Amino acid sequence: MSAFRLPAGGSSIDRSRKLGFTFAGRSYSGFDGDTLASALAANGVSVLGRSFKYHRPRGQVATGHAETNALVQLEQDGFSTANVPATTIRLYDGLVADPVNCSPSPRFDVLAINQLAAPLLSAGFYYKTFMQPSWHFFEGFIRRAAGLGRSAAIPDPQRYGVRHARVKTLLVANAPVDAAELDRHIDGRDDLLALVDGAVSDFQAMAGVQTLPNTRAVALLDHGLVLAVETVCAEPVEGTLREKLHLIRAEKILLAPALQDQPLVFANNDRPGILLLSAARDMLETHGIAPGRHVVVAGPEAETHAFADRLRSAGTEVAATIATDRGECLIEARGRSGVNRVRVSRPDGQAQWVSCDSIVMQGGMTPAIQLFLQDGGRFVRNAEDGSLTASSASDRVTLLGKTQGTPAAPVAAEILQRAKLAKKSFVDFQTDVTVADIQQAVAEGYETPDHLKRYTVLGMGTDQGRLSAMNGARILAEEAARPLAHTLPTKARPPAIPTSFAALGARRPTGELIRPRRLMPADAFHRELGAVMDDYGWERPSHYTTRGETIHDAAQREARAVRETAGLFDGSPLGKIEVKGPQAGAFLDHIYVGRMSTLKQGKVRYGLMLNENGSVFDDGVVMRLGENHYLLNCTSGHADRVFAWVDEYRQCIWPYDVLVQNVTSHWATFGIAGPRARDILTACDLDFDLERDRFPHMAVREGSFADQHARIARVSFSGELSYELSVPVTAAMDALGHLWRVAEPLGIVPYGIEALEILRVEKGYLHVGADTDSETQPGDIGFGAFWPKKPADFIGRRSLLRAPAQRADRKQLVGLRADDDRTVLPMGGHIIDDDGGSIGWIGSSYYSPNLRRGVTLAMLEAGQGRHGERVTVFSLGDRWQATVSPPTAFDSENIRVNA
Amino acid sequence: MFGTPWGRAWRKAEPKSHYDVVIIGGGGHGLATAFHLARDHGVRNIAVIEKGWLGGGNTGRNTTVVRSDYYYTTSSRFFDRSVKLYETLSKTLNFNIMFSQRGILNVFHHRDDRAGWLRLVNAMQLNGVNAELLDREQTLAYCPILNADPNARFPIQGAFLQEEGGTVRHDAVAWGYARAADAMGVDIIEECEVRAISRSANGNISGLTTTRGDISTGKVAVMAASGSDRLCEMAGFRLPVSHLTLQAFVSEPLKPVLDCVVASSGTGVYLSQSDKGGIVAGGSTDVFTSFARRGNFGTMESVLSGIVDFIPQFSRLKLLRQWSGTVDYTYDSSPIMGLSPVPGLYLNCCWGGGGFKAIPAGGETMAATIANDAPHSLIEAFSIDRFRTGALVDEAAAAGIEH
Amino acid sequence: MMQLRCPYCGERDETEFRFGGPAAIIRPGPPEQVSDEAWADFLYQMNNEAGWQAERWCHVGGCGSWFHIWRHTLTHDVSQPTLVGRPMAERPVE
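In the order they appear, the protein sequences are chains L, Z and F. For my numbering, add 4 to where a residue sits in the first sequence, where the first one is 1. For my numbering, add 11 to where a residue sits in the second sequence, where the first one is 1. For my numbering, add 47 to where a residue sits in the third sequence, where the first one is 1.
FYI, nobody ran anything at the bench for these hints, they're computed from the structure. Bear in mind the structure is a predicted one, so any value in this text is a computation, not a measurement. Cβ coordinates follow ideal geometry from the N, Cα and C atoms, glycine included. Just to be clear, a hint being listed does not mean it is correct.
[To be verified] Result set (BS3-like, lysine-lysine): computed pairs, CA atoms no more than 25 Å apart in a straight line:
| id | chain 1 | residue 1 | chain 2 | residue 2 |
| --- | --- | --- | --- | --- |
| 1 | Z | Lys95 | L | Lys132 |
| 2 | Z | Lys266 | L | Lys607 |
| 3 | L | Lys132 | Z | Lys102 |
| 4 | L | Lys406 | L | Lys427 |
| 5 | Z | Lys27 | L | Lys132 |
| 6 | Z | Lys102 | L | Lys495 |
| 7 | L | Lys256 | L | Lys172 |
| 8 | L | Lys406 | L | Lys256 |
| 9 | Z | Lys62 | Z | Lys23 |
[Unchecked claim] Sample of chain F residues at the chain L side, in silico, Cβ under 10 Å:
| id | residue |
| --- | --- |
| 10 | Gly57 |
| 11 | Asp60 |
| 12 | Glu63 |
| 13 | Gly76 |
| 14 | Pro78 |
| 15 | Arg103 |
| 16 | Val107 |
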């Protein structure tokens, strides 16, 4: 109520341009150049919100991001932004804002009743109460009363950007910079980037300096990386860039920190109309607003007199000036939702009431050096008065300007003595921490700065302690009889100013590009055949459907067709790693459990990789293409990891004369599987000899296909007669088109991952990661017999000699057959013993259209010796009976695969 | 009475020349162990010594989540005991630790991930711990603010839910145990750093040299998180551990909007809302050894952008503070508890990012271990010997994360 | 965010690199002659210096080479790299 717009003045406002806005449902107008806070002040609106705990009326107290009371909810076309300091919002036409944490309005708030319960809500009250009957009983109410603004309810209509910069010198100017001092620290202004606070007006005049407008430095991280956030478009225009994150690397960082003035501590010092001298000066000079008509100015004598003179010259009456450095102090303000008088004590001990409608205060100055502290900088504190001076910086960081604070003003003895009374003297406005709270915390032993902070929440508001840390430390020092130097917080955690998640994360994509989809080279071909794509590390057909078939029905049809005629499967994502060189075989003997050096040219062998802990890491076939040339296949989607792994061993452990290269995306690979696979390939007019005995199972041949270099391997993951045809990735579409034209009339059916899963489980082929876990060792899946005779050491071998590897109750791969053939045992189900304890688990389980029953692979304790035993399967409370069997349920004689 | 000031929560004790048991580390585990030693085993001449300030390590730096969603029976029994003790801890200590059992929802994004989560849910059910698997609709009903776009890069396909899980006011756990232990005569000595650990001729622990004087004792318990390896080195052996930075993030306070702890397996982030209204979030650890307690930007940006992807309406939510702790991880991500190679030296460390939830059971079992000089049955599997024998308790792998 | 120097590619952001644990570890063998204790040390023991630490890093986002550096685990200062297999640089002075 007290503030008003002066008839003239205000350096930033344009009185010819009126802007309309809405606050708490009422319409107002302000001028271009106003902040929301100044526009409200000009309209006589002084109660802007309610405090966190007691819901006391609060108004603007500070400027910019130091503001701790005047937080608003900004409404923008359905998108709502919480807790924005009204002092940081530049007014625009049509702005809509609401106060936070008050209902129904800041002038009348139902939770203000908390003020009556204030004696009950002292520091740490949560910890001592609300235990009977239970915390749950109270928590809902407490949560609803806490919090400040509301979350948005829809996705952000604006965007966020990022920019990298590398400069020789970065200047972060939050205070005026002396040109001569600056020049002493730089070679020239050519390669200087400056982030200049809007309040520092005279900097722009400096020639030759590149400045970033509306940009705040928020963090100084490892190796001098500075994060700064630029406000690009603050108005709610859909699709515009709202904020931009700047990542700035500089050889030298110059910080010119602002000095932040601090509140005075006295009873009811939180009343609207009581504000910092810096805020009052900003109102007056920048926005042409007087804080009141009868103003008390309190603080160091020189500053108070100077500002009092300025107020008088602007036409405002100064009710009193209080020189806190002359033994004068404020004791208590009175007024309901504003101020009408204040009690002042004089050095002689006399106290008197002074009528006023506003109090302007300055209780000491402290440098805002968050970035400096984030870089590991230290500051020294004057042991006498607690004022701060930044001292040693890292090599990279230099402080410019005035970094010497001024002492905190003393707190009246009366306030410290009477603090237990109901009248509240606030140390932290937003979190409602009072002198009495600090006293109580100290009395209970919470007397280190960290304990005090955590017990009372002092300094944990959105102003991050800018207005409370200094007074809190001073009162703690007095109450706990500790040296002041030990009571000030010494760390500053990023960000220096609360910063949006989206801006800080702007370098990383969200949405579709958060993990770019990997498309197979013949992606379009499959989509035309009706492929339904899914994400398996690559976008792959889970199944093909044309007439609204379900995924289940399609997979059943495809799996049947492969066994009856033939199927076409795109295996291009299959991991492919080439190993070349004179020592390739010896090197691979170290990588695999099995021996690869004895593999004959043109032959293929199954290989198992372990980690050093002896657990199965990956599997796949290995082909020997030449004397010194191997091709390793590994699990799709695992190729990058396996490649990095193999190459790490090459570089760091076994530096043999070999090259390792990941060629996964160089080749497209198509599988043709089924009884008619050879007929189909023969009809394709290849220059390969496909005759059964000359090209047996587990062999590989090179030649050409459709005029392209091609490779065919006779390998199978379905248990059928099967060929894998590989062509260079650039030829993928042509080759597949050619294949399809020939094969389709012969009855080939494309099949997806789901059908492949059915086929391989029928056949008892495991899938590493689905059927194995970190416990699984080679012997558990049937590969225990060979390696003990192998001469070479291999990754994980030593771990297979440890005691747990010899245990009789190791979990081993088995098949399960449910009593009821219609049952498909659940993947993720457990096998349980008579006591209901888990003795195994199901990794893969499908309905087999070829066997007309469920087929299941499981890991079961001592499973290899339990074939034929009956077991119970458990999942989500249900139980099934099943019989243990060997893993292979289909063609255990391998007749088809060798056909 | 409500507002009446209590006395000091714990005395400012001066170190005595001898204690029956000295616990190194004034965090949750150390204080809980002292409490149980005094209450359950009648040991009263105990000191808890702390290098810095009480509760200032990972007890006061974690994201306050308490859960018992463990796979192996060994882990399950231990962690579920911990949740049960947490449920009554406020009354046990007469100090409100604000256990808010609002449920923990682990969201998955591919239908093939369901089997892995079902395997865990079934293991928990068989171990007598409540757990459920939710489908997409149930998941979105449980936590309506998640990105519900069915065509999202990481679409919501379902979730694993532990309803008994939730959050606890972390500082209160340290303070509550400290207050209760102090009341039974335990000396809590802050700003006291161990400089040396001495052993007698027979190899047994005989005492400590600290910055506040020498202390003779026959039993020393190392519960100092990332300081533990250095302490063990003083006693003559090393811990098989890696030290990494784990970051946490808290936003400005909001009115209630998130009513459970929710995690995404796609983006790797997890978050909850505190009683004060801040959104508390975390992700994976930083990827290199550090004792700097400052997080790296790569992890920070992936957590924050991951949250925006998972819950798009949080894009403008403002980060208020990021902070870090040094976490001590073993190869299998399970703790090291019990006896050590040195007689009279007991271990309770290497909790990685997961020690907070284990505090009550850690205290109870370690107190018994120290009193009886034999490992409590619930912690036998967590012995340091497992790294020599290879009998690991690999929870991360069983949960399908790594193999 | 740290910047590391790849021996081939020069200075790059930390996000291009992968940390590989202690530098210059010796893989013990042959397996039958390695004790459980020595094998456990190889598998699970890290250096964990609170200060300068010899480390192995890989430039995965670039040329893929593994190299050694000294890195200070409290300040995150780093030394010049040396390729794996070459002698390590001297430990930097504090």
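- Query: How about Glu63 (chain F): closest beta carbon in chain L under 10 Å, or not?
  - Reply: Glu63 (chain F) check fails; min Cβ-Cβ to chain L is 13 Å, beyond 10 Å.
- Pair hint Lys266 (chain Z) and Lys607 (chain L), alpha-carbon separation not exceeding 25 Å: 67 Å, violated
- Restraint check for Lys406 (chain L) with Lys427 (chain L), where alpha carbons must lie at most 25 Å apart: 37 Å, violated
- Query: CA of Lys102 (chain Z) to CA of Lys495 (chain L), is that 25 Å or under?
  - Reply: 35 Å, violated
- Message: Gly57 (chain F) was flagged as interface toward chain L. Is the shortest Cβ-Cβ separation under 10 Å?
- Response: With Cβ-Cβ at 13 Å, over 10 Å, it is violated.
- Going straight from one Cα to the other, do Lys406 (chain L) and Lys256 (chain L) come out at no more than 25 Å? 19 Å, holds
- Holds or violated: is the Cβ of Pro78 (chain F) closer than 10 Å to a Cβ in chain L? With a minimum Cβ separation of about 4 Å from chain L (threshold 10 Å), the hint on Pro78 (chain F) holds.
- Task: Measure nothing beyond the straight line between the CA atoms of Lys27 (chain Z) and Lys132 (chain L); if it is 25 Å or shorter, mark the hint as holding.
- Result: 31 Å, violated
- Given hint Lys23 (chain Z) paired with Lys62 (chain Z) - CA-CA distance at most 25 Å: Distance of about 14 Å is within 25 Å: holds.
- Item | Status of the Val107 (chain F) interface restraint (C-beta, 10 Å, chain L) | 6 Å, holds
- Message: Under 10 Å is the threshold here; is the Cβ of Asp60 (chain F) close enough to any Cβ of chain L for the hint to stand?
- Response: 9 Å, holds
- Message: Let's test the interface hint: is any C-beta of chain L closer than 10 Å to that of Arg103 (chain F)?
- Response: Where the cut-off is 10 Å and the nearest Cβ of chain L is about 7 Å from Arg103 (chain F), the hint holds.
When held up to the earlier numbered hints, the structure conflicts with 2, 4, 5, 6, 10 and 12 and fits the remainder.
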